[in-house]
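Visitor: Chain residues, written in single-letter form:
Protein chains: 2
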Amino acid sequence: MVSSPVVNTYPLSSYTFGTKEPKMEKDTSVADRLARMKVNYMKEGMRTSVEAILLVQEHNHPHILLLQIGNTFCKLPEIEGLKRKLTSKLGANSPALVPDWQIGECVAIWWRPNFETIMYPYCPPHITKPKECKKLFLVHLSEREYFAVPKNLKLLVVPLFELYDNVQRYGPVISTIPQQLSRFRFNMIST
Amino acid sequence: MVSSPVVNTYPLSSYTFGTKEPKMEKDTSVADRLARMKVNYMKEGMRTSVEAILLVQEHNHPHILLLQIGNTFCKLPEIEGLKRKLTSKLGANSPALVPDWQIGECVAIWWRPNFETIMYPYCPPHITKPKECKKLFLVHLSEREYFAVPKNLKLLVVPLFELYDNVQRYGPVISTIPQQLSRFRFNMIST
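Chains A and B, in that order, give the protein sequences.
Mapping of the first sequence onto my numbering: residues 11 to 201, in sequence order.
Mapping of the second sequence onto my numbering: residues 11 to 201, in sequence order.
Chain A on its own, in the form it takes in the complex (with noise of 0.2 Å):
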């Protein structure tokens, strides 16, 4: 059997929070982001987007960094392009202060069959045209690191805990990274 793969976590305090200009939303709305996303999928077809998985640690737990939105909608960053879109929601606007982002594992995908809010972690039976295919990879942080945060999103760190079993206030998809990440061996690594 093979043994669990490592993932190095760090403190929290041992990164750098700033903020930046604002990143505004294209949609103010479900309904308009769901149209939107009929729209590009008339001109290119089923829509492939990755997010990223950012882990650090608190008090020997993992805990993950989430962007929120208001008060209530939470999502991963996104790293539509890869690091591009990364380096757009939290990198710092100086190109030296980017983050080096390892994209590591794949820990999900998700499948939208419809132009719905709904997704599942399988292609259902009888779809044969996904709208969407999202996939979640873990990204590994170096020791030290600067984020960015635009002026109109909140970061947060949120304890594996939390979200365990949470699907009310998480929705499904970020609800079940606790048991997607359970197959790692977290190295928390104290600096």
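Some hints could be false.
As the list makes no split between identical chains, a pair holds if one copy fits it or if it spans any two.
With a cut-off of at most 25 Å between alpha-carbon atoms, the simulated SDA-like pairs for lysine to any residue come out as follows [stated by the list, open to error]:
no.	residue 1	residue 2
1	Lys144	Asn197
2	Lys139	Tyr174
3	Lys36	Arg193
4	Lys141	Arg195
5	Lys141	His71
6	Lys145	Val183
7	Lys145	Pro169
If you are wondering where the hints come from, they were derived from the structure by calculation, not from laboratory data.
For chain A, the structure is supplied; the task is to place chain B on it using the hints.
Guide: Chain B in isolation, oriented as in the chain A frame:
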């Protein structure tokens, strides 16, 4: 980015199912089970258990094999002592017929902090002496196998879409298997 790991799945019809003598559970109730766990912990420390996810396909959708005791309780085949136990649970009594179990990827690790039924997909903070660590492994089946099901158990073939979001029926461990398998690409081989 690495591509998804591939799992070959074969149609349910390519497998043969027979029966064999009952394999009785060592405990007749959950309370008995937890009491025996406590005794064993005193003697041997944290229990490490291993369970198997066996996949087949039906109608182009992955299904997992579950063993049912009575009419409600479902569990994954155990692989305590690895292949030995899997053979005891599902292998024919004749050694020539025993499936060639190929233990694959670890897909989840669950922790039992106390002598209670509740488990978590991480070791909860402040728990220094967890009582059990249960690992779920994918088992890669060959194209044809003969399974011998103990007469007191039923072997169920459950599609991922039935498990998903069905914690009421399958419990937290089995109901999130679809999310843990989502990162794999299923190569549905028709024979």
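Visitor: Each hint needs a verdict: does it hold in this structure or not?
Guide: Taking the hints in turn, this is what the structure says about them:
Taking the shortest alpha-carbon separations for Lys144 and Asn197, only the inter-copy value of 19 Å comes in at or below 25 Å, while the best intra-copy value is 27 Å. For the homomeric pair Lys139 and Tyr174, the shortest alpha-carbon distance between copies (21 Å) is at most 25 Å, but the shortest distance inside one copy (31 Å) is not. In this homomeric assembly, Lys36 and Arg193 never come within 25 Å of each other (Cα to Cα): the closest approach is 36 Å inside a single copy and 28 Å across copies. In the homo-oligomer, the alpha carbons of Lys141 and Arg195 lie at most 25 Å apart only across protomers (18 Å), although the nearest pairing inside one protomer, at 34 Å, exceeds that limit.
In this assembly of identical chains, Lys141 and His71 lie within 25 Å of each other by CA distance solely across copies; the values are 18 Å between and 36 Å within a copy. In the homo-oligomer, the alpha carbons of Lys145 and Val183 lie at most 25 Å apart both inside one protomer (10 Å) and across protomers (22 Å), since each shortest distance falls under that limit. In the homo-oligomer, the alpha carbons of Lys145 and Pro169 lie at most 25 Å apart both inside one protomer (21 Å) and across protomers (22 Å), since each shortest distance falls under that limit.
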